[in-house]
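Assemble the whole structure, with the sequences as input and the hints as a guide.
Chains as they are written, first to last, in my numbering: chain X, 1 to 289; chain H, 1 to 289.
You may find that some hints are simply not true.
What the hints assert, rightly or not - In silico DSSO-like cross-links for lysine-lysine, where the CA-CA straight-line distance does not exceed 27 Å: (1) X:K170 / H:K247; (2) X:K284 / H:K83; (3) X:K170 / H:K284; (4) H:K284 / X:K288; (5) X:K284 / H:K170; (6) X:K170 / X:K284.
Don't read these hints as lab results, they were simulated from the structure.
In this text, all values refer to a predicted model and were calculated from it rather than measured experimentally.
Number of protein chains: 2
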Amino acid sequence: MSLTPCRLACIQCAYPGSISSSLELHDRLIREAAGDGASLIVLQELFYQPYVGARIEEAHFADATTLEGSVITHMKELSKELKVWLVVPFFEQAGPGIYYNSAVVLNDHAEIVLHYRKNHIPEDPGFHEKYYFSPGDLGYPVVETPWGILGVLICWDQWYPEAARILALKGAQLIVYPTAIGTLSTESADEAHEFHDAWQTIQRSHAISNGVFVAAVNRVGVESGTTFWGRSFVTGPFGNILNEAGKDEEILHTTLDVSQVESVRTTWPFFRDRRIDTYGPLLKRWAKE
Amino acid sequence: MSLTPCRLACIQCAYPGSISSSLELHDRLIREAAGDGASLIVLQELFYQPYVGARIEEAHFADATTLEGSVITHMKELSKELKVWLVVPFFEQAGPGIYYNSAVVLNDHAEIVLHYRKNHIPEDPGFHEKYYFSPGDLGYPVVETPWGILGVLICWDQWYPEAARILALKGAQLIVYPTAIGTLSTESADEAHEFHDAWQTIQRSHAISNGVFVAAVNRVGVESGTTFWGRSFVTGPFGNILNEAGKDEEILHTTLDVSQVESVRTTWPFFRDRRIDTYGPLLKRWAKE
Chain X
1 MSLTPCRLAC IQCAYPGSIS SSLELHDRLI REAAGDGASL IVLQELFYQP
51 YVGARIEEAH FADATTLEGS VITHMKELSK ELKVWLVVPF FEQAGPGIYY
101 NSAVVLNDHA EIVLHYRKNH IPEDPGFHEK YYFSPGDLGY PVVETPWGIL
151 GVLICWDQWY PEAARILALK GAQLIVYPTA IGTLSTESAD EAHEFHDAWQ
201 TIQRSHAISN GVFVAAVNRV GVESGTTFWG RSFVTGPFGN ILNEAGKDEE
251 ILHTTLDVSQ VESVRTTWPF FRDRRIDTYG PLLKRWAKE
Chain H
1 MSLTPCRLAC IQCAYPGSIS SSLELHDRLI REAAGDGASL IVLQELFYQP
51 YVGARIEEAH FADATTLEGS VITHMKELSK ELKVWLVVPF FEQAGPGIYY
101 NSAVVLNDHA EIVLHYRKNH IPEDPGFHEK YYFSPGDLGY PVVETPWGIL
151 GVLICWDQWY PEAARILALK GAQLIVYPTA IGTLSTESAD EAHEFHDAWQ
201 TIQRSHAISN GVFVAAVNRV GVESGTTFWG RSFVTGPFGN ILNEAGKDEE
251 ILHTTLDVSQ VESVRTTWPF FRDRRIDTYG PLLKRWAKE
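Given below as C-alpha cells:
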C-alpha cells in the first residue's frame, strides 16, 4: 500500500509564564510549522499549561478544559484554517472532580477524530500526576490519516511495552508520545545522562519490536526546579533515529514514509511468531509462584 | 534483601568444525572461566553444534541430545567438579521426531534446576529454525540461585517484550539470552550496523522496562556464509551497558549485584502502574477493528 509521505512537525517549547502567553506562543509556532509545510503537527504534553505534576497545587485545576472548551475550540479552528492535522495534549475536565491527562487528534476539517486519556499515571518526586488525573478509560484508540494509522500515548506510557504493542496490534504505523520529562534539581549530571539515554532507548525499542515510526515531543525550559530536556526525536520503524531536536524551543520537521512499515515487518516478521497462547501472565500484577 | 554478587562469565566462541572439537573447546573455556573465578557461566545457543538454522540439513538431527544424553551428563559432572552453575543451551531431542531449541540450568551439585524450551522460533533466510524445532511448551521458568532469581530466553525470544516481562513478573532479576545472530553474506555493512544496533537496543529495553539485569551471549566466526557478531554484553537493571565482548572468542567476566534491582524499581516504579485491566489485546494475533 503506497501512502503520501507525512510531513510531521514536533513543537517543543518552554512554558512562558502565563496561560495566555502560552496559548499565543503555540498559536505562533503552529502557524510557523504549517507555513513551512507540515501536514501533521504534534504538541507537547499538557501543552498550554505549566507541567502541573511538578507540585501539588489545587489552583492548576482551574486551567483545565473540556472538549467543548475555548482551547480545543480554538485549536479546531486553527486546524481548519491552516489545513493541518493537530495532536493536542491537554488537561481534560470530564466532570466535577473528574480530570484526565488527555490528547485529541484534530483533522483539517476541525473535527476531533481521536480522543485518548493517558492510561499510565506516574506519582514520583516532581511528577505528582496521581493527584490530578484519573487513569485513562478510553483504551488505546487509533485513527486513519492520509499518511497511515496514527496512535497517541502520553509520557509515562512510554515505559510500557504493552501500550505500544496494543496500538501496533490495532494497526498503528506511527505512535506519537507527547511528553514532559526532565532532570530534578536533586539529580546529578550522570543521572540525567543515564535517564535521558534510557528514555530514548525505551521508545526506540517500541519502534523495533513493533515495526512502527515513533515520535516523542518533550517540553524545554525550567519549571519548579525541573529542567526539561527537549530533545524531541523521531525514529524509523526499526528504531533508527531520523531526526532529533536540541534543548531549546524548536519545530522539528521530519518527512515519514509510513509505507516502510510493511517492508520492515516482512524482513523482521516478529508479529508472525508471537506466542499468544503463553502470554496470560501479562494480565497479572505479579506472577511469582 | 542483600545477595552475594554474581560472578558471571559469558563464553562466546566459533564452531571449530566438528562436534568433538567443539565439546573439547567448551570444556577448556568453561574450566578457564571457573579458574578465573566465575560462579555462573552462560554458553551460547546450541552450544556444541554449528548454527543448524543456517541451512535445512537433515544430518543435524543426529547430533541432538536428550536431558539424559552424554553431553548434558558431562556438563553436569563439570558443574559439580568446578563448583559452578552453568547455563547450557542445546538441541534437545524429546522423542522420535520431537525436537526443541532448549536450555538447562545446572547447579553446582550436578542437578538440572531449570529446563526451558525456546518459545519464539524464527524461519527466515539463514535462520531456518522452524524446520528443526517445535515451539517451546514449558512456559517461562525461573530458578532461585545464590545470587538472585534467574530466567533464560533464547535468541529470537529477545525481540519479544512479552517474554522478558513474563520472566520479570515471575520474579526474575537476571535474564540471560544465549544467541546466534550475525550478518548474511547478502547484507550490506550499513544493514549489519543497523541490525546490531537494534539487537542491542531491544535487549537493553528489556532491562529498562523490567528493572532486571540482562546478559546476551552470541557466537562468533563464519558459518555457511553468516558472520556471527559475538559482542556478547551485560546490562544493569536500567539498561546501562556494564561490559561488552569483541568479535572473537572471549570469556566476558562481569560482577553483578542483583540486589540493585530493588532500588531501581523504587526509583522507576513501572510495575506499580501497569494497567493490567487494559492489556487484553496482547493475547490476540491482530486486534485491528
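Hints broken by the structure, by number, lowest first?
1 and 2
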